[in-house]
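Participant: Spelled out, the chains give:
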Amino acid sequence: MQTVTLKPKEQFKISIQAEVVTPDNFAGKSDSEIGGLIAYEGNTPRPLSELFDIKVEGSADSADDVKIEIKGNVPRIKRIGEGMTAGRIIISGDVDMRCGAKMKGGIITISGNADSWVGQEMSGGEINVQGDAAYYVGAGYRGESCGMRGGKITVFGNANDFVGEHMCGGEIIIKGNAGILPGVSNKGGKIVIEGNTDMPGSEMTKGTIIVKGKVADLMPVYQREGIESIDGEEFIKYVGDVVVGGKGELFVR
Amino acid sequence: MSELLIKNATVYDPINGINGDKMDIAVKDGKIVDSIGGGAQTIDAQGRLVYPGGVDAHTHIAGSKVNVGRIMRPEDSRSGIKPMTKITRPYTGYTVPNVYAMGYRYAEMGYTTAFEAAIPILKARHTHEELEEIPIIDKGGLTLFGSNWMVMDAIRENDLERLAAYVAWGLLASRGWGIKIVNPGGGEAWGFGKNVSGLDDPVPNFEVTPRQIIRSLAEANERMNLPHSIHLHCNNLGHPGNYETTLDSFDICKDIKPKRDRQALHVTHVMFNSFGGNNWGDVQSKADVIADYLNSHDHLTIDMGQMIFGSATTMTADGPVQYANARTFKARWANGDVELEDVSGVTPLYYSPQVYFYGMMWGIGQELALLTKDPWKVLLTTDHPNGGPFVNYPEVITLLMSKKKREEAISKIVPKAFEHCMIHTIDRELDWYDIAIKTRAGHAKVLGLIEQGKGHLGVGADADIAIYDIKPDETDATTEYDRVKAAFRKAAYTIKGGQIVVKDGEITATPMGRTYWVKTTVNNGGYDRMMEDLKMKFRQYYSVNMGNYMVQDEYVQHPVVVETEYAEV
Chain A
0 MQTVTLKPKE
10 QFKISIQAEV
20 VTPDNFAGKS
30 DSEIGGLIAY
40 EGNTPRPLSE
50 LFDIKVEGSA
60 DSADDVKIEI
70 KGNVPRIKRI
80 GEGMTAGRII
90 ISGDVDMRCG
100 AKMKGGIITI
110 SGNADSWVGQ
120 EMSGGEINVQ
130 GDAAYYVGAG
140 YRGESCGMRG
150 GKITVFGNAN
160 DFVGEHMCGG
170 EIIIKGNAGI
180 LPGVSNKGGK
190 IVIEGNTDMP
200 GSEMTKGTII
210 VKGKVADLMP
220 VYQREGIESI
230 DGEEFIKYVG
240 DVVVGGKGEL
250 FVR
Chain B
0 MSELLIKNAT
10 VYDPINGING
20 DKMDIAVKDG
30 KIVDSIGGGA
40 QTIDAQGRLV
50 YPGGVDAHTH
60 IAGSKVNVGR
70 IMRPEDSRSG
80 IKPMTKITRP
90 YTGYTVPNVY
100 AMGYRYAEMG
110 YTTAFEAAIP
120 ILKARHTHEE
130 LEEIPIIDKG
140 GLTLFGSNWM
150 VMDAIRENDL
160 ERLAAYVAWG
170 LLASRGWGIK
180 IVNPGGGEAW
190 GFGKNVSGLD
200 DPVPNFEVTP
210 RQIIRSLAEA
220 NERMNLPHSI
230 HLHCNNLGHP
240 GNYETTLDSF
250 DICKDIKPKR
260 DRQALHVTHV
270 MFNSFGGNNW
280 GDVQSKADVI
290 ADYLNSHDHL
300 TIDMGQMIFG
310 SATTMTADGP
320 VQYANARTFK
330 ARWANGDVEL
340 EDVSGVTPLY
350 YSPQVYFYGM
360 MWGIGQELAL
370 LTKDPWKVLL
380 TTDHPNGGPF
390 VNYPEVITLL
400 MSKKKREEAI
410 SKIVPKAFEH
420 CMIHTIDREL
430 DWYDIAIKTR
440 AGHAKVLGLI
450 EQGKGHLGVG
460 ADADIAIYDI
470 KPDETDATTE
480 YDRVKAAFRK
490 AAYTIKGGQI
500 VVKDGEITAT
510 PMGRTYWVKT
520 TVNNGGYDRM
530 MEDLKMKFRQ
540 YYSVNMGNYM
550 VQDEYVQHPV
560 VVETEYAEV
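Protein chains in written order, with numbering that gives the first Met the number 0: chain A, 0 to 252; chain B, 0 to 568.
Careful, some of the hints might be misleading.
With a cut-off of at most 20 Å between alpha-carbon atoms, the simulated SDA-like pairs for lysine to any residue come out as follows [unchecked claim]:
(1) B:K81 - A:E18
(2) A:K186 - B:R326
(3) B:K329 - A:S144
(4) B:K85 - A:Y39
(5) A:K186 - B:A330
(6) A:K101 - B:I80
Quick list of the computed label-pair ranges, beta carbon to beta carbon [unchecked claim]:
(7) B:T507 - A:T108: 46 to 52 Å
(8) A:Q222 - B:R326: 47 to 53 Å
(9) A:D60 - B:G38: 58 to 64 Å
(10) A:V238 - B:D426: 51 to 57 Å
Hints are computed from structural coordinates only; laboratory data are not their basis. The C-beta atom is built at its ideal place from N, Cα and C for all residues, glycine as well.
Please take these sequences and the hints and turn them into a complete structure.
Facilitator: See below:
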């Protein structure tokens, strides 16, 4: 087991692109080797050793055995865990956009808030956000026709608009409330919103959305299909979006 | 005074009839010369393949529709990323790359010249602004006239002098190289949500037919003595059964005598216009019929418009076809209305090898090239980025050179495709000389660029030279296609105007290329009649003033102006 502890040296003001921070990149490397990996602050290449105090304990042959702990708030560090296939990342604080983007495996735990596009286009693995998540949880980036394709994202706080936009697979659970248009243009996967939301499932062709709280405005593009019971609770089942010939399922109380 | 000597080259230069000869090439001040002194910089080609720099006669590299493609496809710019270096700017994109990547990628493949195939006059400034930002390669563009009110008015009144005068004005206003006609008449009809279906369908409100538009512009083209012939995108593109319209369109220019040593008609991306059948169920390749026509007639040339599987961004002045594509495939769609001149549409598509009619289209492009006996008559293009991006030319080259490569490709395509086309039955394999014609010499001849020193390595020609890391004597292109493809992807050297711009596939210098355009003098009453009419149209119909219209010289920083004069035949 290799544990890599990263302690940010300052509160960064300019956003940093740190897609190098993954168990795959760190596996089996010493602290000086990890310190030599390059992130970008604005357009300036910055070795990780300039950004973090780095401590490595133990060793690992593969990403599976790597645990990265980021001790502190990193609200201006983007793309942490991008494309990771295994291992763990634990962030004790907030994180910037696109954390866990294109992730294929492993677990990311964020104890603070996540910015937009957490789990963007991820295809496997698990992301847990203890705080709130901003826009586009598990969505596709601009223009992509498939957002999240697999894996699981759990947000224990609230999420903002466009949860799971263009989702093609996987699962998103929002324990709090979600903003407008969750599951817009979905083609698969499952979204569970335990709190309230607004206008779910527009242009959805496939997939499932379950809203346990209130739906402020249900789009008039869904056909009612009767009552169904999920985990002992009764929901009204709707199918749509009929405008796009969709067969998506929307469960609302 | 820069001097360069390329020693021990295996040269293919079809315009000068050189077929794999071992020779040296001397370069002085950007031109090919007979010989130079001993102090010149020397490249030892060690028997490797040497071609003139590649020329692309039909590609979409600049202008508002390309930019619309970029805007509507942010996801495209996430591919093909290469960071900046000391001499290159960042590359991004695949089907609609950024302007820099356009120039760099052409140069990396040994191409040194590319012509934008559609400039609406109204959007010409934008086109030239982008052309000016594309590094290394020489450029030019063809101006759209096929659905233009001024053109159709002159044709209805049978006033060829006025028509030629307007074309001359349009080429000047857009700094264009030749006449492009897209779905003649259809663009105007599309303004009313309609299209023209055949060559004799009158255009609404103008009462002229596509046949008249093609014929009159072809005649005006010869009277103006333009370097290039008319450049036609036929009616009915992409519709089952359209090959009859295509053959009919070929026939229109059969008896037109070209003033220069070139064809009277160039028909572009004919793959999209070679469909038989009545619907998408029984659609089939008619490439054999098209090729038969080409084999028995000498007045025209075509380009393939080869389709490449994967992502493509279709962009064309054929507005109605783009609307149909977007509706059929639930794809994104942008539509452009260019006031009195033309229309356009942009739609991203994905060509899947599991869809049989895409498989058929893949077959047709190659059938056209292989069934037509004379290699000069069919140019290699993908109609970038309509059939696929130009970076796939090496793939197309290897498909044409190797039956084995085609068999390998066919095995990955849905078998039903081959009930609709005949590519799997064709044995022909092209050689190095044929490929030199199809990728450079033929393009230069079709565009009328030989006099400009393009497409060949004769004394006095531009020193645009590509050296590929492959030895034709030791390489069997029919079996070693992976090596051939790798060599064409990354030239060992690209030399542009005597300067080494690519070495071992990497950009080493980024000089700015030139922009070619034609200035025609029309000294007769036609010009005055035309100007009167044009001023009226600007007053009454255009949203911009005539004074704001012309592409000024500041927009074309490296011009090469070819002057011609109008003369009655």
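Participant: Tell me, in ascending order, the numbers of any earlier hints that this structure violates.
Facilitator: Hint 8 is the one this structure does not satisfy, whereas the remaining hints hold.
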